[in-house]
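Go ahead and model the full structure; you've got the sequences and the hints to work with.
Reminder that position 124 of the sequence shown reads as 124 in our numbering, one-by-one numbering, no gaps.
Keep in mind that the hints were calculated from the coordinates and are not lab data.
We put the beta carbon where it would ideally sit given N, CA and C, even for glycine.
Each hint should be verified, as a subset may be incorrect.
Taking lysine to aspartate or glutamate pairs in the EDC-like style, the calculated list, with each CA pair at most 20 Å apart, reads [stated by the list, open to error]: (1) K137 x D52; (2) K121 x D131; (3) K12 x E36.
Distance windows between CB atoms, simulated [to be verified]: (4) A7 x H27: 24 to 30 Å; (5) N172 x Y39: 29 to 35 Å; (6) E112 x S67: 25 to 31 Å; (7) Q105 x S38: 38 to 44 Å; (8) E158 x S89: 53 to 59 Å; (9) P66 x T171: 43 to 49 Å; (10) A19 x G141: 19 to 25 Å; (11) P127 x S89: 49 to 55 Å; (12) E155 x P66: 34 to 40 Å; (13) Y16 x P127: 28 to 34 Å; (14) S58 x D37: 34 to 40 Å; (15) T182 x H4: 52 to 58 Å; (16) D201 x Y42: 19 to 25 Å; (17) S202 x N53: 33 to 39 Å.
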Amino acid sequence: SPSHPNAYPHNKICDYLIAQPVGFNIHVEFIDFDIEDSYLCYYDYLEIRDGDNSNSTSIGTFCGDPSRIPPPIDSTHNYLWLRFATDHSESNRGFKLNYTSQESQCGGILKETHGVISSPKDIEHYPHNMDCKWIIKGHPGSIIRLEWTEFILEEEYECSYDYIQVTDKSTNSSGPRYCGTTDPPVLTSVSNEIMVHFVTDSSFADEGFSLRYSIMNRSRVRRSFKEFGVFYELSLTFDYNLTDRNNNWRSVKW
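And the structure:
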């Protein structure tokens with residue numbers, strides 16, 4: 001916190017973002033903690049969220065003397081967002097923490113314009129009891145396309161055991177669960193943010209899945225709609241010549 005170990009200033013809002021590469025999560029341990037105590041931490045507080053912004057899942061809001069130092073914290077993603085806020089009255093030492101990165105089996109927040117998501121593997125099969133969440137975020141005005149390159153999961157009529165499910169931020173509604181050996185359809189988001197959720201149980205395990213994602217500018221794409229829950233199969237039409245007048249290939253940027 002500002003001025004630590006001296007008293008922190010009044011009327012401050014300080015936001016911190018800890019970022020690591022995809023494939024890592026964040027471990028936090030507090031070294032010192034002394035923030036004005038109040039009911040529900042109404043006055044001065046440290047807020048911590050599991051993600052990259054103020055709308056990410058809340059881990060907790062903390063205040064109080066050193067006897068109430070927060071426990072060690074592990075993020076589930078490769079980002080951790082913190083806010084330290086103070087009012088106009090009492091001022092204490094604040095906080096000091098150490099953070100380290102550690103390898104994670106799966107999940108993360110992806111912001112590159114294209115990439116690959118694959119299930120983790122123990123030799124040939126994915127592990128049991130996995131709960132993996134990948135969040136793909138594009139810029140405002142973009143959409144996200146998912147195309148499956150491998151898909152072999154435990155098969156069950158209602159996909160209750162091992163499955164993939166995709167959620168679009170615009171509605172917070174999940175599409176259908178996918179399992180078995182038939183590739184899911186090509187999916188295109190409505191909004192610029194989606195979550196890919198991979199769940200496995202404690203019994204049978206199979207080879208897993210791999211998909212390619214692309215973040216595309218909505219204004220450059222015409223859509224032919226075939227609805228799958230909150231997602232759509234996409235037919236692409238471009239107002240763009242892929243070769244110049246000398247028949248040399250151009251590079252395409254979204």
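Okay, the hints, checked on the actual structure:
1. K137 x D52: Holds - the C-alpha atoms of D52 and K137 are around 11 Å apart, at most 20 Å.
2. K121 x D131: holds, 14 Å
3. K12 x E36: holds, 14 Å
4. A7 x H27: 24 to 30 Å: About 28 Å separates the Cβ atoms of A7 and H27, which means 24 to 30 Å holds.
5. N172 x Y39: 29 to 35 Å: holds, 31 Å
6. E112 x S67: 25 to 31 Å: Violated, since E112 and S67 (Cβ atoms, about 44 Å apart) do not stay within the stated range.
7. Q105 x S38: 38 to 44 Å: Given range 38 to 44 Å: holds, Cβ gap about 39 Å.
8. E158 x S89: 53 to 59 Å: Holds, since E158 and S89 (Cβ atoms, about 56 Å apart) stay within the stated range.
9. P66 x T171: 43 to 49 Å: Holds, at about 44 Å.
10. A19 x G141: 19 to 25 Å: holds, 23 Å
11. P127 x S89: 49 to 55 Å: holds, 51 Å
12. E155 x P66: 34 to 40 Å: violated, 54 Å
13. Y16 x P127: 28 to 34 Å: At roughly 33 Å between Cβ atoms, P127 and Y16 fall inside 28 to 34 Å, so the hint holds.
14. S58 x D37: 34 to 40 Å: About 20 Å separates the Cβ atoms of S58 and D37, which means 34 to 40 Å is violated.
15. T182 x H4: 52 to 58 Å: holds, 56 Å
16. D201 x Y42: 19 to 25 Å: With Cβ atoms ~42 Å apart, the hint is violated.
17. S202 x N53: 33 to 39 Å: For S202 and N53 the Cβ distance comes to about 34 Å; the hint holds.
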